[in-house]
Amino acid sequence: MSSLLRARGLGAFVFIVLLIVCFWLLFIDSIVGKTLENVSSRMLRARVDITGTDLSLFPLGLKLEGIQATNPQKPMTNVVEIETLSISLNPMKLLDRKLIGEEMIVSGVKLNTHRKKSGAIKTGQLTSEKSFKFKPDIGLFLSSVENIDTEQILAKEKLLTLALIQSIRKEIPQKQESWQKKLNNLPGKKQFEQYRKRIDQLKKASQGDLQTIISATAEVKSIRGDLTKDINSIKSARDELSRDIALLKTTIEQAKQAPFEDAKRLREKYSPSAQGLGNVTKLFFGEKIGTWVEHSLNWYERLKPFVQRAATIRKQKKVTHPLRAKGVDVHFKEYKPLPEFLIRKANVSVNLEQGELSGKMQNITPEQDVLGNPLMFEFAGQNLEGIGDINLAGSINHIKPEKTDDIITLSLKAYPLRNIELSSSNFPVMLDTGLLDLELKARKIQETIRVDIVAGFTSVRLSAPQQNKKNKLAETLLASLAKINKFTLKASIVGTPDEHYLKLESDLDKLLGRVVGEFIQQYKKRMESELKMAIQNKAGLALTALEQDMTGFNMYNQELTSRLGLADNLLQNELLTGAGKGLRLPF
Amino acid sequence: MIRLLARLLRVLNSESEPSQISLALGFALIAGFTPFYSLHNIIVLLLVLILKVNLSAFILGMIVFTGASYALDPLFHITGLFLLTRDYLEGFWTIMYNLSVFRLERFYNSVVLGSLLISLILLYPLYTVSNRAIVKYRENVLTWIRKSRIMQIIRMNKLYKAYQSLSGLGEDL
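Chain order of the listed sequences is Y and G.
Letter 386 of the first sequence, counting from 1, is numbered 386 in our numbering, and no numbers are missing.
Letter 130 of the second sequence, counting from 1, is numbered 717 in our numbering, and no numbers are missing.
Hints in this document: simulated from the structure, not taken from any laboratory.
For clarity, every value in this text was computed on a predicted model and none was experimentally measured.
Check the hints yourself; a few may be wrong.
Stated by the list, open to error - Just a sample of chain Y residues kept apart from chain G, beta carbon distances all over 10 Å, derived:
(1) V79
(2) S178
(3) V330
(4) K333
(5) D452
(6) N485
Said to hold, decoys possible - When the alpha-carbon atoms are kept at most 20 Å apart in a straight line, the in silico EDC-like pairs for lysine to aspartate or glutamate are as follows:
(7) Y:K333 / G:D660
(8) Y:K326 / G:D660
(9) Y:K333 / G:D674
(10) Y:K360 / Y:E378
Think of the CB as a built atom: it goes at the ideal place given N, C-alpha and C, for glycine as much as any other residue.
Input sequences plus hints: build the corresponding full structure.
Laid out in structure tokens, this is it:
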């Protein structure tokens, strides 16, 4: 036996074990601290600092001090700072490689504190948040009603006025040419002279024998028939000319009226409408609420790994990827299932400027499917300085990863608001002071989110600093805002984390909507008037030229009247009863 | 300090039977192939220290097998995962999974199980082959080296004698 065993070896083994224990006692605190810093920094994608770590063996527990977690979007700000965090651990479960904390006490929690050094991590980039897709811009709207650039509008639009003028200017010469041809074809001075000669011959014949007189009578009938026919054709031509002139005059009149039509059409096209503006509440609060929603969803996604660990199923067995190990862990059914990491109960106290907000959290684990219970939390702040009640409660249920159900409710009573920027566009509206009563309920079932907010603002003072004084609508809105001392707001957000819609209602709509509506009506009138003037200026010369062109038709009219007069004179005075002047028949 | 270390090695290396060297290599195979921070490696360490095995061979073997394990990790992973996901073994693994000692051993990790299993399978063949190889080496190669002219000259050198007196390893050669 002695040839097989080495007695001194046992001593060496004991020596090595003692060495390991000493090493543990000396360095384990800093090793645990650094490991936690590294792992949490990697998960948060921003630096997490822990100033003190104390791992005690009897009783088994871990105490962390001075935890600072950087806001990934603002490297000089801590999203949370925790004074002390202590967990009492279950030693028996450690043998099963499970970190089960029966109770965790988190005290001295402060939010959004300043950092001395930047918390940006070198190896990874700071994560960029998804930005809010709907960005209503009241400033853009205001600038759209600031100036009317008629020149720019007219430069890119085809005007009905100009089209009509062009069409008439083409038509007038064509008509004139046509009338000139018609006049040439109508009986004129030559024909009438021939009639006169025939009548003169008849006059001579009337003093002859009976046979001559009879043939003269037939000639009279013939001349009268020809003259009547010519008179009718001239009359008909004159009527036609009158119709042409009337038609052209109507078209010219239309061209004169066309600037009004153009101005109306362009006004509708280029002036903003109260409907296009949407509701005023959305302009003021839309971006703010939308950004809060996006911000919350980004944080939700970032914290999701803490409540639901990534796992894949291989041949019906759950396979998880450990954070720091080679290979994969395949998990089997446990007789008394427990997650690898669990904090059963946590008492948290948050230090606000106004006092302490205390709360409880239960079942903090990334493996809710194993535990079978959701994460629950409840925070309440009462008798806070200058604030009414604050209640925050909710549950994060990822027991079935394919059927998650998360609920958060927040209730605020008389929460003071100070210097809150509502719209950050060219028309920054500030809520200087006010009190907020808020009821918020947010629920996410799988990938469907629904958030309902009912907020009542009282003792409100709104202002709009650094305004463009030249903008009349801005001035009007500002005056209306100054009169508001209370309003209510209802918001609902429905959709998926990637695509959601915001619906906002407020009694501000009635007040400010009316102001904006009236202003837009005035603006439209002004725009129409300016456009009409500009179009008339542009088309004025062409319209005058048209009227001048129309004078050519008067000449045709006079010519036809003259011809008609000549023919009529021949018929009435020379041929029929001229009373000594005309042809005197013997019968 | 070097003298102290040399004496420790001399004490621990006093046994140099081929079987002791081969057994040391076998233990090195397990400790080198499997992840270092495993429960079974404490048992291996205890056995290495209390059994009369050649520690130099164990340390040397550890270095070699640990290096080889980096290349063999995918094989260990595939083997371990294959076994862990067999339906007919599920009952067996479930029983083990519910025992703290096996949970501490982290057998449910594909690399731990695969590497442990492969090293245990290779343990006996390695022991047998290395045992025979050492015997053959001592009978043929070592005898030839000792009798060689060059070795005679080296052994006569004062520097070599000084080294022998310092390390105490001269007897092995």
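Numbered hints the structure breaks, given as an ascending list: 3, 4, 7
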